[in-house]
Structures are given as C-alpha cells and as structure tokens.
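Sequence lines, in order, name chains A and B.
For the first sequence, the positions run 1 to 403 when the numbering used here is used.
For the second sequence, the positions run 1 to 240 when the numbering used here is used.
Note that these hints are calculated values from the structure, not bench results.
The beta-carbon is built from N, C-alpha and C at its ideal position, and this holds for glycine as well.
Take the hints with a grain of salt, since some may be wrong.
Between beta-carbon pairs, the in silico distance windows are [unchecked claim]:
1) Gln37/A <-> Glu100/B: 39 to 47 Å
2) Gly321/A <-> Asp161/B: 40 to 48 Å
3) Asp81/A <-> Thr119/B: 37 to 45 Å
4) Lys14/B <-> Gly347/A: 24 to 32 Å
5) Glu17/A <-> Arg86/B: 56 to 64 Å
6) Asp161/B <-> Lys320/A: 37 to 45 Å
7) Arg228/B <-> Glu330/A: 37 to 45 Å
8) Leu236/B <-> Glu330/A: 33 to 41 Å
9) Ala36/A <-> Asn117/B: 55 to 63 Å
10) Gly307/A <-> Asp161/B: 53 to 61 Å
11) Lys320/A <-> Glu100/B: 47 to 55 Å
12) Glu74/B <-> Ala36/A: 53 to 61 Å
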Amino acid sequence: MSEIKEKALKAQNKKAEYGSDINIDEYSSNAPQYPAQDLENIDIVDKERLLNAGVDITGNERSGSFIQVDSSVLHASPRQDGIEIMSMVDALEKYSWLEEYVWNVVPVETDKYTAHAELNFQGGYFVRSMPGARTVFPVQACLYLKSEDVSQNVHNVIIAEEGSELHIITGCATDSPENRGLHVGVSEFYVKKNAKITFSMIHNWSRRVAVRPRSATRVEEGGVFINNYISMHQVESMQLYPSVYLVGKGATARLSSVLYAPPGTDMDVGARAVLSAPDTRCEIISRALSTGGRIVARGMLVGEVEGIKAHLECQGMILKGDGEIKAIPELDGKVAGVDMSHEAAVGKIARDEVEYLMARGLSENEAISAIVRGFMNVDIEGLPPVLKEQVDKAMDISDKSLF
Amino acid sequence: MLEVQNLTVSVEGKRILENVSLSIDKGETYMLFGENGSGKTSLIMSIMGIGNYQVESGKIIYKGEDITEWPSYERAKHGIGIMFQRPPTIRGLKLKQMLEMVKRDGKDPLELAEELNFTDFLDRDINLGFSGGEIKRAEILQLMTQDPDLVLLDEPESGVDIVNMGLIGNSIRELLQKDLHRKREKSGLIITHSGYILDYVEADKGCVLVNNTIWCTGNPHEIMDGIRSHGYEECLTCQR
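Please take these sequences and the hints and turn them into a complete structure.
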C-alpha cells in the first residue's frame, strides 16, 4: 500500500478543525455513470443552473471547458494552444511526474474529507498553461451534482508554468435546489516563476448540500495568484479555509470572498496566507451578508521573513433578525520587520446612508438595496462580466429577502 | 413655491424648531443665517422630510400641496433637492451609479461631470476619501443631475478652498438660473454661517434663526452686514 493511502486510512475519522462534522457514510460515492458528450450536446444538466454558476454551455469565449457530473467526466477539452485540460484520471496516466503535484500542498491527512477524496477518488480536472502561454479567454470548469445523496469527490491540479497566465472560472451547481449531496473538492494550485493564475469560483449549491473544499496554492518567484470566491445562495453547510504559500521572492496573492447567507445557511469560510519569501505581498478581503444565516469569516496572515507586507479585511453586515456573522482575523508575525494589518467590522445598515439616498429620490427599499449592493461590490480583479452579471442577478434574487 | 407655516419640529422628543414660518416664491433665493445650533440645518432637514425630524405642528406647503406627511423620496421626486453639509460615505456605490439613479429626463450626468471637471470621480465610491471641496462638488453634481425646482443648500461654502469656491458658487448660480432674469423658475433656500456665498449668489430675502425660531427677516445683505458688525449676540437684543 502506498504511503499516501496509508495516511488517508489513518485520517479517515479525523474531524476537521472547523465547521460542523458531516457523516460521510450518509452519502454514496457510487453515482450512476454518464458517457462523455460534446459541449453543445450536453443534455443531462440543467443549463440554467449551469449559467447561474457562470458556466457557458456554448463554450464561446472560453479557452476550454471541463464538466463533471457526479463522478463522470462529461467533457474535457482545450480550445487554445498551450492550454491543457483533461480529467485527472487521464492526466495521471499521461504524466508520471504529476504524482509529485498530488497531495503536495494539501496534505492528505488534513482531515476525514481529504482522506475520503483519496480513498474514493472520482477524478476532477487537470488544467495547465505551458511556459509563456496566456489564456485569451478564461477556461471554465464545472462540478455538478445530479444524483441524490451522492458524494462527489474530486481532486484538481492546476499548474501555470513559468511565465504563463491562466484564467479559470469554476462553477459548482446542483441539478435542483432540492438536491441533497456532499461535495468534497481538493484543489492544488502551482504558480511557477513569473506566472499568474486568476481563479474565480462561483458556488450555486442547494439548501441540502454540504460542501468541503480543500485547497492550497504555492506561488513561486514573481508569481501572482488571484482568487475570487462567490457564494450567493443558500447552502446547508459549507466550510473552506484555503491556504496560499508565497515561497518565491516578490510573489503576490489577492483573495476575495463575497458571501451571502440567507436563513438555513451555515458557512465557515476563510483564507490563509503564509509569506515566507522576501518582498511577498498578500491581500485578503471578504464581504459577508446575512439575512438570517450564519457566517464565520476567517482570515490569517503569517509573516515569516522581514519586508513582507499583507492586509486582511473582513466586513460583515447583518440585515435581519437572527443572522450571525463572526469575523476572526489573525495575524502571526514571526520575525521583526513584517508589515501586516487587519480591519474587521460587523454592523448593520447605516440609517444616515438610507436617509441620504431617500433624499435623492430612492424609496427606502431601493436605498437599502443600493447600499447592500455597494457593500457586496468588492472590486474583484479578473471577474469576467458574465460572473459579475451572475452576482448582480443573485443580488436581484436576494433583494426579495432583504426586506 | 414653498410655504412653511408655523412649523414646530422635534428630534427624539427634543424640540429643535419652534413656530417657524417663511415663504419662498418661484425664482426666489432665500438666505438662512444663524449661529451653530440655531436650527438652520433642522429646518432644511424638516423641509426635505428626513426620517427622524418629527413635525409636531404646522405645515409645509410645496407647489400648493401639503407635503408635511410625505416621505423624503416623494419630495425629491416632486422636485426638492438637498445639498448635505456632511453627507455619508457609501462604500461600493459609485458616484456614476448614483447619478444614473437620480437623474431627471434630459440631463446627461457625464456632460455635467465634465462641466464640473469631476469625471475622475465617477468611478469612485461616493464621498470615500473626498476632500471638503470634492464633497461639495459631488453634491452639486448630484443636484444638477436631479435638476430640482427647489434647492436646499446646507452651508455650501464650508470646508471649501478659494479655488473651489468660485466653481461651486458658479454652479449654484446655474442651479438657481441666476443668469435668467424673467423666466427664472428655480428657487433656493441657502444656509450660510459666513455669508461668503453671497459674493457669488444674489439672494432676494434673508432671515436669522436664533434659538430655534426665526428672529428677523429682511434684506440678506443688510442682515449679513449687521451680523458682521455686531455678531449674532446683537440679534438677541434686537427688538425685531
């Protein structure tokens, strides 16, 4: 038995550090299998649900697409030279060196979810930009839950080779708002020297789905990692705390999260960055809005060498009744000469702002809606217009529950 | 245009205006003088209908309609516009978006922004990091986009340097159609503490507010001269 398997077996019952404990045995890892399909002929998914998660089924203005339904890879193909997209199963067969990138930045023994992903591996995507290549359009990846009570266990590896630029949009969705399921997604990102990855993820789960992504990124010298995470719909239980390791001189990361928790939502979402090389920079920003759901917004910066600079910002707004937002920012400076700061606030909508807009002719509801939209409008770098539209659309829907 | 009749107003149970009456005709500009805390801002806020200003008695008549009970947004929609002295910052809401929301037919916010040399601010969050003069210009730009018939200005000169004062003064002239003589339709009620705005904007009437009520009414230049020579203390001894 491989060392990794052994570690996974040992961690099978290891509870996660954060978030409620999910009983994985309630979900089956044996979903029905679906055959591969051309992108335009895909007919077993609800295209509207995909679109809401930012996935364009026409594939136009995309440098390639990957679509996995439950445990079946329906489609994986690039549309641009210098970009590779394939299922992890195929990629591991093709490249023996890929094993070195698997369970490298995310330890397999992290918790029972990482162990579960290893022991019940169902694929996932491998996306790679070759040295010097730049995606003209974003690559899109979609992980879709269709069957009832299924556990989707994916392991993704994303590599931007030296001097390349890779832009990925990942949309996650369920077949219906009533689907029950578990999504365990391991993602390992590698940003090589002077490369850049922009990764935008929009979650469109349902009220009966539990979500446990486990991801980490390694950024080498001069590399840039931009991560945008958006969750604008009710989700039963979601917990993620991705890590970024800035290991090369001048490496930079910016992580933004936009979270909306209507009643019945339990989110524990954060981002952690370890700055261990000179001149590294990091910014972590989150906006959390609750109309009755619970959000724990975490953030951690670790400064390990002199001259690093990093900032953490958690802003929360509770609009209604018994919502809860807990902002937990942490700074850990390990040497002299680090420059790290944080700003955290949880509040309500400011009455003087509402009055100001009303005096300009907006009704009270219009004013509240404009303020909330402004609050959630983080200037997200690299967010494609289609995703911006989805965020706006989600805000339109949530407008109804604001009052 | 506007008639305030025996208005008594309180905020959180505390009386802040006492039996105030004034009237402004179409095309007229009215100056409101008074010390800090005399009730000037409260009067303007009450005319605008801002939430926590409770009218206890009296009436506000605008264009012949009793608007005393109207919410502020209805007043704004019917042509009342206000320049706040200290407007709040609204994070994430861009000035451009705000202008799109408040614009009146026929007004192009971008053209107006160019006129005010303020296009660089269109993509900024409203009032975030703006200087005193920039806040005023943002307020003026919003008002010009709204194109109100009755303009309420709360100390337009406060916090503004001399260079910006000319720009703001001229924009207020434009808002109030000061270059039109016969067909002037816009009216204004302007709060001033220092009176500097009078160097730019001609006013037809003026009054002094003392201790939450109107103390005297008259020619705004004469009132200002009196205040400059004798101070507001003198107003208290004035027999009216």
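To see whether the hints hold, each was checked on the structure:
{"no.": "1", "hint": "Gln37/A <-> Glu100/B: 39 to 47 Å", "in the structure": "holds, 43 Å"}
{"no.": "2", "hint": "Gly321/A <-> Asp161/B: 40 to 48 Å", "in the structure": "holds, 47 Å"}
{"no.": "3", "hint": "Asp81/A <-> Thr119/B: 37 to 45 Å", "in the structure": "holds, 41 Å"}
{"no.": "4", "hint": "Lys14/B <-> Gly347/A: 24 to 32 Å", "in the structure": "holds, 26 Å"}
{"no.": "5", "hint": "Glu17/A <-> Arg86/B: 56 to 64 Å", "in the structure": "violated, 46 Å"}
{"no.": "6", "hint": "Asp161/B <-> Lys320/A: 37 to 45 Å", "in the structure": "holds, 44 Å"}
{"no.": "7", "hint": "Arg228/B <-> Glu330/A: 37 to 45 Å", "in the structure": "violated, 58 Å"}
{"no.": "8", "hint": "Leu236/B <-> Glu330/A: 33 to 41 Å", "in the structure": "violated, 59 Å"}
{"no.": "9", "hint": "Ala36/A <-> Asn117/B: 55 to 63 Å", "in the structure": "holds, 59 Å"}
{"no.": "10", "hint": "Gly307/A <-> Asp161/B: 53 to 61 Å", "in the structure": "violated, 39 Å"}
{"no.": "11", "hint": "Lys320/A <-> Glu100/B: 47 to 55 Å", "in the structure": "violated, 28 Å"}
{"no.": "12", "hint": "Glu74/B <-> Ala36/A: 53 to 61 Å", "in the structure": "holds, 60 Å"}
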